[in-house]
Amino acid sequence: MDNTKNGKIVSRALLVGTALVSLTAVPVSEVQAASGTGAMSAILLTPITVSGTQVLHFGSMTATNTGTMLIDTTGARTPGGAVSAVAGGNLEQAGVLSISAATGVAIDLSMAATSFTVTDGGGNTMVVNNFNLRTNAGGTAETITLVASPTTVPLGATLNVGAAQVTGTYTGTYTVNANYQ
Amino acid sequence: MPLSAFKRTAKKFGFSKHLGVLAAVIPLSVMPQSAKAALSIVVSGTVDLNFGTMTETGGGGTMVVDTTGARTPTGAVTAVAGGGLASQGIFSVSGSTGLAIDVSMTAAAFTVSNGGGATMVVNNFNLVTNAGGATRTITLAANPSTFPLGATLNVGAGQAAGTYIGNYTINANYQ
Numbered sequence: 371m372d373n374t375k376n377g378k379i380v381s382r383a384l385l386v387g388t389a390l391v392s393l394t395a396v397p398v399s400e401v402q403a404a405s406g407t408g409a410m411s412a413i414l415l416t417p418i419t420v421s422g423t424q425v426l427h428f429g430s431m432t433a434t435n436t437g438t439m440l441i442d443t444t445g446a447r448t449p450g451g452a453v454s455a456v457a458g459g460n461l462e463q464a465g466v467l468s469i470s471a472a473t474g475v476a477i478d479l480s481m482a483a484t485s486f487t488v489t490d491g492g493g494n495t496m497v498v499n500n501f502n503l504r505t506n507a508g509g510t511a512e513t514i515t516l517v518a519s520p521t522t523v524p525l526g527a528t529l530n531v532g533a534a535q536v537t538g539t540y541t542g543t544y545t546v547n548a549n550y551q
Numbered sequence: 058m059p060l061s062a063f064k065r066t067a068k069k070f071g072f073s074k075h076l077g078v079l080a081a082v083i084p085l086s087v088m089p090q091s092a093k094a095a096l097s098i099v100v101s102g103t104v105d106l107n108f109g110t111m112t113e114t115g116g117g118g119t120m121v122v123d124t125t126g127a128r129t130p131t132g133a134v135t136a137v138a139g140g141g142l143a144s145q146g147i148f149s150v151s152g153s154t155g156l157a158i159d160v161s162m163t164a165a166a167f168t169v170s171n172g173g174g175a176t177m178v179v180n181n182f183n184l185v186t187n188a189g190g191a192t193r194t195i196t197l198a199a200n201p202s203t204f205p206l207g208a209t210l211n212v213g214a215g216q217a218a219g220t221y222i223g224n225y226t227i228n229a230n231y232q
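Protein chains in written order, with this note's numbering: chain A, 371 to 551; chain B, 58 to 232.
The hints are simulated quantities; they were obtained by calculation from the structure and are not laboratory data. Here a beta-carbon is modelled for each residue, glycine too, at the ideal position from N, C-alpha and C. A hint or two may mislead.
Facing chain A, according to a computed beta carbon distance under 10 Å, are these residues of chain B, among others [stated by the list, open to error]:
| # | residue |
| --- | --- |
| 1 | Val137 |
| 2 | Gly146 |
| 3 | Val179 |
| 4 | Leu206 |
| 5 | Gln216 |
| 6 | Asn224 |
| 7 | Asn228 |
Here are some chain B residues the structure puts well away from chain A; computed CB gaps all over 12 Å [what the hints assert, rightly or not]:
| # | residue |
| --- | --- |
| 8 | Thr131 |
| 9 | Thr186 |
| 10 | Thr196 |
The shape of chain A in the complex, shown without the other chains (with noise of 0.2 Å):
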């Protein structure tokens, strides 16, 4: 009997043996450096050109008194008022913008102002307004997701003739705004 307890003593205090070896192992292990890693993402887009393709053009027109002349966005053109349409060569033409830029990201472009002039470098100008940007409902804002790069966007206007407009060619400039979203 004796030596039975006296077995049990022995196999009790190998027991708290081998507790103290893996108390004394385990924290310091736990007190190791850690290192963790985080993800990091950013996304470039191409930068956005766009330019004029094709002019817009108002055409050949004559005019005894204030009119108008209205180019939609697929190029056919409306006179109003004292305002009559001219072949002459058949120059008309909607304008068409070319936009570079990546494809399905949602772009906002928009007319940089509502009205722009041309000129006969003579001092004599008209006002140009009322743009539609895409179609003839775009009006001076639109928003466009680019399928293919480069894309081209249609636009129209209306010319303003003055009730005794200087004959002679008029030229001038608009600018288009395109951002992404």
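Put chain B on the given structure of chain A with help from the hints.
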């Protein structure tokens, strides 16, 4: 005293079944305080450090995302809203509360890649605050606690467009 006599004496005081337990408890009390207290540290990024969407128009520049998530472009870099993706990074630290922990970026700069061979360098990391720099001492108020980090993305002149991704690594040690 022979062992059998010792056990008989001990049994009178009701100790015989608890000898092993007593023997185990006593050594515990002499263990170093620091070893008893410290939980293992775990560090992990929980929210991407996202510089968001931007364009670069030829001269190169940077995009800074601060620890609040505000971003500031410089040079030829322009911020684009692009879905509002921009965010400061958030990393989580698990460990014992109330102990000073040194956290540090394992390098001054990391890279992001578009997967097509083009890379950009991310540097000027700020841990916890915008003046935090790349090394910082923190004390956990709760386990785990989260902390922000910001950095600067360096965009090259004519940098190839694309989606750039990468990782940073943080070390953490008890002081």
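Results of checking the hints against the structure:
With 10 Å as the threshold, the beta carbon of B:Val137 comes within range of chain A, its nearest partner Cβ sitting at about 4 Å, so the hint holds. A least Cβ separation of about 5 Å between B:Gly146 and chain A falls short of the 10 Å threshold, and the interface hint therefore holds. Against a cut-off of 10 Å between C-beta atoms, the interface hint on B:Val179 holds, since the closest Cβ of chain A lies about 6 Å away. Of the supplied interface hints, the one on B:Leu206 holds, with its beta-carbon coming within about 8 Å of a beta-carbon of chain A, less than 10 Å.
Evaluation of the B:Gln216 hint against chain A yields a held restraint, the C-beta minimum of about 6 Å falling below 10 Å. Look at B:Asn224: its Cβ gets to within about 5 Å of chain A, closer than 10 Å, so that hint holds up. Using the Cβ-Cβ criterion of 10 Å, the hint placing B:Asn228 at the interface with chain A is satisfied: the shortest such distance is roughly 5 Å. Distance to chain A confirms B:Thr131 as a non-interface residue, since its nearest Cβ pair spans about 14 Å, more than 12 Å.
Its beta-carbon lying about 17 Å from the closest one in chain A, B:Thr186 satisfies the requirement of being farther than 12 Å from that chain. Every C-beta of chain A lies more than 12 Å from that of B:Thr196, the closest at about 16 Å, which supports listing it as non-interface.
Of the numbered hints listed earlier, not one is contradicted by the structure.
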